[in-house]
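Peer 1: Let the sequences and hints guide you as you build the complete structure.
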Amino acid sequence: MIDDERAIRLLCRVNLAASGMEVIEAADGRAGLELARKERPDLVLLDVMMPDVDGWTVARELAEGMETRDIPVVFLTARADTADKRLGEQLGGVGYLVKPFDPVSIGDYVEDVLSRIERGEREQLRREISSGRER
Amino acid sequence: MTTVESSEAADRARRLQRVAELLAVAVTPEQVLDAILTEGVRAAEARAGSIGVVSEDGERIELLAQIGYRPEVMEDWQEFRVDAPTPMSDVIRTGEPIFISSVQERNRLYPSLAQVGQEDGHALVVVPLAVEGRVFGAISLSFDHDIEFEPERREMKIALARQAAQAITRSRLYAAEQAMRERMTFLAEASQLLASSLDYNRTLRRLAQLCVPRLADWCAIDMVDEDGGIERLAVAHEDPEKVKWAYELQERYPPDPDAQRGVPQVLRSGEPDFLPTIPEQLLEDAIGDDHELRRIVDELGLKSSIAVPLIARGRTLGALSLIAAERHPVFTAADLELAIELGRRAAVAVDNARLYREAERGANAARALAYVADGVVLLDRDGTVRHWNPAAAAITGVSEDDALGRPVAEVVPAWDSLTTHVQLLAPGSAPRPVTVPIVVGGHERWVAVSGVKFGGGTVYALQDVTEERALEKTRSDFVATASHELRTPLAAVYGAVRTLRRDDVQLSESDKAQFLEMIESEATRLAKIVDQILVAGQLDAGAVELELTECNPAEVAAGVIESAATHVPESISLSLDAREPPQIACDPNKLRQVLVNLVDNAVKYSPDGGAVVLRVRGDNGSCRIDVLDEGLGIPSGEQSRIFEKFYRLDPQQTHGVGGSGLGLYICRELVERMDGRLTVESEPGKGSRFSVVLPVRA
Numbered sequence: 022m023i024d025d026e027r028a029i030r031l032l033c034r035v036n037l038a039a040s041g042m043e044v045i046e047a048a049d050g051r052a053g054l055e056l057a058r059k060e061r062p063d064l065v066l067l068d069v070m071m072p073d074v075d076g077w078t079v080a081r082e083l084a085e086g087m088e089t090r091d092i093p094v095v096f097l098t099a100r101a102d103t104a105d106k107r108l109g110e111q112l113g114g115v116g117y118l119v120k121p122f123d124p125v126s127i128g129d130y131v132e133d134v135l136s137r138i139e140r141g142e143r144e145q146l147r148r149e150i151s152s153g154r155e156r
Numbered sequence: 046m047t048t049v050e051s052s053e054a055a056d057r058a059r060r061l062q063r064v065a066e067l068l069a070v071a072v073t074p075e076q077v078l079d080a081i082l083t084e085g086v087r088a089a090e091a092r093a094g095s096i097g098v099v100s101e102d103g104e105r106i107e108l109l110a111q112i113g114y115r116p117e118v119m120e121d122w123q124e125f126r127v128d129a130p131t132p133m134s135d136v137i138r139t140g141e142p143i144f145i146s147s148v149q150e151r152n153r154l155y156p157s158l159a160q161v162g163q164e165d166g167h168a169l170v171v172v173p174l175a176v177e178g179r180v181f182g183a184i185s186l187s188f189d190h191d192i193e194f195e196p197e198r199r200e201m202k203i204a205l206a207r208q209a210a211q212a213i214t215r216s217r218l219y220a221a222e223q224a225m226r227e228r229m230t231f232l233a234e235a236s237q238l239l240a241s242s243l244d245y246n247r248t249l250r251r252l253a254q255l256c257v258p259r260l261a262d263w264c265a266i267d268m269v270d271e272d273g274g275i276e277r278l279a280v281a282h283e284d285p286e287k288v289k290w291a292y293e294l295q296e297r298y299p300p301d302p303d304a305q306r307g308v309p310q311v312l313r314s315g316e317p318d319f320l321p322t323i324p325e326q327l328l329e330d331a332i333g334d335d336h337e338l339r340r341i342v343d344e345l346g347l348k349s350s351i352a353v354p355l356i357a358r359g360r361t362l363g364a365l366s367l368i369a370a371e372r373h374p375v376f377t378a379a380d381l382e383l384a385i386e387l388g389r390r391a392a393v394a395v396d397n398a399r400l401y402r403e404a405e406r407g408a409n410a411a412r413a414l415a416y417v418a419d420g421v422v423l424l425d426r427d428g429t430v431r432h433w434n435p436a437a438a439a440i441t442g443v444s445e446d447d448a449l450g451r452p453v454a455e456v457v458p459a460w461d462s463l464t465t466h467v468q469l470l471a472p473g474s475a476p477r478p479v480t481v482p483i484v485v486g487g488h489e490r491w492v493a494v495s496g497v498k499f500g501g502g503t504v505y506a507l508q509d510v511t512e513e514r515a516l517e518k519t520r521s522d523f524v525a526t527a528s529h530e531l532r533t534p535l536a537a538v539y540g541a542v543r544t545l546r547r548d549d550v551q552l553s554e555s556d557k558a559q560f561l562e563m564i565e566s567e568a569t570r571l572a573k574i575v576d577q578i579l580v581a582g583q584l585d586a587g588a589v590e591l592e593l594t595e596c597n598p599a600e601v602a603a604g605v606i607e608s609a610a611t612h613v614p615e616s617i618s619l620s621l622d623a624r625e626p627p628q629i630a631c632d633p634n635k636l637r638q639v640l641v642n643l644v645d646n647a648v649k650y651s652p653d654g655g656a657v658v659l660r661v662r663g664d665n666g667s668c669r670i671d672v673l674d675e676g677l678g679i680p681s682g683e684q685s686r687i688f689e690k691f692y693r694l695d696p697q698q699t700h701g702v703g704g705s706g707l708g709l710y711i712c713r714e715l716v717e718r719m720d721g722r723l724t725v726e727s728e729p730g731k732g733s734r735f736s737v738v739l740p741v742r743a
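Residue numbers (this note's numbering), protein chains in the order written: chain A, 22 to 156; chain B, 46 to 743.
Heads up, a few of these hints could be off.
Said to hold, decoys possible - Restraint-style ranges between C-beta atoms, simulated for each label pair:
1) S555(B) <-> Q145(A): 36 to 42 Å
2) K731(B) <-> D102(A): 48 to 54 Å
3) T480(B) <-> E88(A): 24 to 30 Å
4) D123(A) <-> P680(B): 34 to 40 Å
5) D123(A) <-> E562(B): 36 to 42 Å
What the hints assert, rightly or not - Residues from chain B that keep clear of chain A, each with C-beta distances beyond 12 Å, as calculated:
6) P74
7) P317
8) L327
Unchecked claim - Which stretches of chain B does chain A cover? Using the computed rule of at least three CB atoms under 8 Å from a CB of chain A, they are:
9) 539-545
10) 551-562
No lab work stands behind these hints: they were computed from the structure.
The beta-carbon is built from N, C-alpha and C at its ideal position, and this holds for glycine as well.
Peer 2: As C-alpha cells, this is what we get:
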C-alpha cells in the first residue's frame with residue numbers, strides 16, 4: 022500500500038486485514054519502490070499524487086525492474102480523468118480505483134483481481150481500466 | 046442788340062453759369078438729374094422738363110426724371126421705343142435738336158401726339174444728350190407759351206444740354222465705379238467669410254445673411270444631398286419673420302425637382318437662370334387657383350431673380366438664388382456676374398472643406414487601424430492582402446511590407462487552416478470569433494478570428510487571446526485540482542464510516558478511536574480546503590477587498606500566539622519576540638490570517654521538542670515578521686514551489702490535519718496585496734524561516 026495519506030493507508034490496512042491479507046505500507050513513492058523491490062508483494066495499491074516521486078513514476082519503475090515487473094499494480098487515486106485512466110492502463114496497471122472508494126469491498130476486489138490474473142486475464146484487466154467499466 | 050436783349054442775354058448767361066456750378070458739385074446721378082431739372086428748367090424759363098436715356102439694349106428710351114408734367118400725362122411715357130414717332134425719339138436717332146414753337150406745329154409734325162397735353166401745350170424743345178459724339182439721351186423742355194426760338198436762345202438750350210450730358214455721364218461713371226467698388230468689397234468680404242471655417246453649412250448660412258440687403262432682398266442656398274435630392278440650406282431676409290415664413294412656404298409648397306426653371310433647372314444644367322423681370326405669367330402659372338398662394342405672392346412682390354450654380358471641379362454642389370422684391374431694384378447683368386462669381390467662390394470653399402474633411406476622416410481611420418490592438422486584415426476578392434495593420438503584423442509575425450499586395454495564402458501558409466472554421470458574416474452582423482492556434486516564431490499563439498464579407502472582399506479581425514487562454518487553462522486546471530484535493534479527505538471520511546459500520550469484522554478499540562479521529566480531522570480538512578478554494582478563487586478574480594489601516598504588528602502577533610497556544614501540542618514550544626516594532630499600514634484581519642497559517646505550518650512540521658518563534662522587528666523603513674521553526678526544512682529546489690497552488694511538501698511526520706495545498710499561496714497573495722513580501726529561507730534539517738515584510742506606515 023503506497024499512499025502519502027495516513028488515513029487512506031489505515032483504511033486499506035484494516036479492511037484488507039479483515040479479508041485475511043497482510044498489508045505492508047509506504048508513505049511516499051521512493052519508500053514504496055524500495056519496499057516493493059525488497060518484499061515483492063502479491064499486489065501493489067498505488068496512489069498517484071504524491072510529492073517528489075509520484076505514483077506514475079513508481080508504476081513505470083516497477084514495470085521496468087526485472088524483479089518487480091510481474092507485480093500487479095492497482096491505482097487508487099483521486100484523479101478521475103479519462104486521460105489519467107489511459108495513462109494508468111499504458112503503465113500496465115491491472116485496476117484503477119477512484120477515491121472516494123468503498124473500503125469494505127476492497128478485500129473482495131483484490132481477491133478477484135488476483136484470481137483473474139491467475140486465470141491469465143491480466144491483459145483483459147488492463148484494458149478494462151479505460152473501457153469505462155468502473156469498480 | 047437792345048439793352049433789354051443784352052440784359053436778358055446776361056441773365057441767361059448767369060443762369061447757365063449757375064446751372065454749371067450746381068452740376069459741378071453734383072456727384073450722384075440723382076443729384077445731377079435733380080440739378081438739371083430744377084435749375085436747368087428754370088434757367089431755360091421752361092414750365093416742365095424731362096430727361097430720357099437709351100436703354101442698355103438700345104431699343105427703348107427710359108425717362109429718368111421729370112418735373113412739371115401732370116402725372117396722368119406722363120404715366121404712359123415712362124418708357125417707349127426708340128423708333129416711336131416722338132420728338133425725343135427723333136432727336137436721339139438724329140442727334141439734332143428740335144425746336145417747336147407751338148402745339149399746332151407739334152401736332153402737325155407729330156400727329157400721333159395730337160391728344161397729348163393738348164390743353165396746356167405750347168413751345169417745345171428737345172435737345173440731345175451726347176458725349177464724344179455719342180447720343181445717349183435727350184432733355185425735353187416744355188414752355189407755357191408759344192416761342193419763336195432765336196439762335197441765341199437755341200444756343201443756350203444746347204449749351205445746357207451739353208453741360209447736362211457731361212454731368213450725367215460723369216455721375217454714371219461715378220455710380221458704376223461706386224457699384225464696382227461695392228461689388229469688390231462684397232466679394233472680398235464673402236471670400237473672407239468663406240475661408241473662415243471648415244463648417245461650410247454654417248459658413249453658407251452666414252453668406253446668405255451677408256447677401257441681404259446689399260445684394261438682394263432675398264437670398265437662398267440649396268445643396269444637392271448625397272441621394273441627389275435638393276436640401277435648402279439657408280434662406281435670408283432682413284426680416285427674420287419673413288425667413289420663418291419662407292420656410293413654412295417651402296414646406297407647404299415643396300419645389301418640384303423636375304421644374305424647368307429656377308434652382309432645379311440650375312442644378313441639372315449647371316447654368317445660371319436670370320430673370321431681370323419675373324414675367325407675370327410665370328407667377329400666374331405657379332399660383333394657379335390657390336388663393337392663399339396668390340395672397341402670399343402678392344405680398345412678397347417678387348420683381349427679379351437670379352439663380353446661379355455652385356460648381357467645383359465640374360460638379361454642381363448646389364445653387365445660390367437672389368431675389369429682388371420690395372426694396373432692391375431689378376437685377377442687372379452686373380448683378381448676375383457678381384452672383385456667378387459668388388457662387389464660384391462658395392463652391393470652391395465647400396469643395397475644399399469637404400476634401401479636407403474626407404482627408405481628415407481618412408487620416409483618423411488610418412490612425413485607428415494603426416493603433417487598434419486587434420489585427421485587421423483586408424483581402425480583396427482574389428484573396429490578395431490590401432490592408433495589414435501593425436497589430437496583424439505583430440500577431441502573425443509578418444510585416445506589413447511583406448504582406449501587402451500578396452496572396453494571403455503565401456503570406457501566412459497556415460491561413461487556410463486558420464480561417465477554415467471562421468464563418469464569414471454579412472456586414473453588420475454580430476461577430477462570432479473562432480479561436481485557433483498558430484505558430485509564430487516557434488511559439489504557439491491562440492488567435493480569435495472573425496471575418497466579414499462585403500462587396501469589395503473580406504475583412505478579418507484577429508485578436509491574440511493566448512494569455513486569456515492560458516488564464517482559462519489555469520482556471521480549469523484549478524477546478525480539476527481542487528476536485529482531486531477534495532476527493533482524498535472525502536475518501537477518508539466515507540471509508541472510515543463504511544469501515545466502522547462493518548458488522549463482519551471486530552475492530553479493536555484503538556482502530557475505532559483512530560477512525561473516529563480520522564473522520565473528525567478529515568472533515569475539518571475538507572472544510573478548510575473548501576474555505577481556501579473560495580479565498581483563492583476570490584484572489585484570482587481580484588474580488589478580495591483589503592482595508593489598509595494603521596496597525597501595531599506586535600498586537601496582531603500576540604493575538605496569533607495566544608490562540609495557537611490552545612491547540613499546539615505540549616511537546617512544541619511557542620513564543621513571541623517583539624521589540625518596539627513600528628506601526629504599519631495593513632489589513633489586520635488579513636495579517637492575522639497569514640500569521641496563523643505560517644504558525645500552523647511551523648507547528649505542523651516541527652519535531653517533538655522543537656521551538657516555534659514569532660519575531661517582530663522594525664527593519665529599515667519596513668516591518669519584518671519572522672516565523673521560525675526547527676523542523677525538517679525545505680529543500681532549496683522546492684523553496685520557490687511551495688507558494689504555488691496545491692503544491693505540498695512531503696507531509697510525513699506532520700502534526701494535526703493535512704493541508705489544502707493553498708495556504709502558502711493565499712498567504713503570499715494577501716501579503717503582496719498589502720504591498721509586502723513573503724519569503725522563505727530554509728536549511729534542510731535545521732528549520733525554516735518565513736518572513737513577512739510590510740511597509741511602515743507613511
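Peer 1: Run every hint past the structure and note whether it holds.
Peer 2: Structure-based check of each hint:
At roughly 41 Å, the beta carbons of S555(B) and Q145(A) sit within the given window of 36 to 42 Å. The given range of 48 to 54 Å is broken by K731(B) and D102(A), whose C-beta atoms sit roughly 40 Å from each other. T480(B) and E88(A) have their C-beta atoms about 50 Å apart, which leaves the hinted 24 to 30 Å range violated. Taken as a hint, the range 34 to 40 Å holds for the pair D123(A) and P680(B), whose Cβ atoms sit roughly 37 Å apart.
For the pair D123(A) and E562(B), the supplied restraint of 36 to 42 Å is violated, since their beta-carbon distance comes to about 21 Å. The beta carbon of P74(B) sits about 108 Å from the closest Cβ of chain A, which is more than 12 Å, so the claim that it is off the interface holds. The non-interface label for P317(B) is consistent with chain A: the shortest C-beta to C-beta separation is roughly 85 Å, beyond 12 Å. At roughly 92 Å, the least C-beta separation between L327(B) and chain A is larger than 12 Å, which holds for a residue marked as non-interface.
Coverage of a stretch by a chain is defined here by at least three residues with a beta carbon nearer than 8 Å to that chain's beta carbons; for the segment 539-545 of chain B and chain A the count is 5, and the condition holds. For the segment 551-562 of chain B, the stated coverage by chain A is satisfied: 4 residues place a CB nearer than 8 Å to a CB of that chain, which reaches the threshold of 3.
Checked against the numbered hints given earlier, the structure breaks hints 2, 3, 5 and satisfies all the rest.
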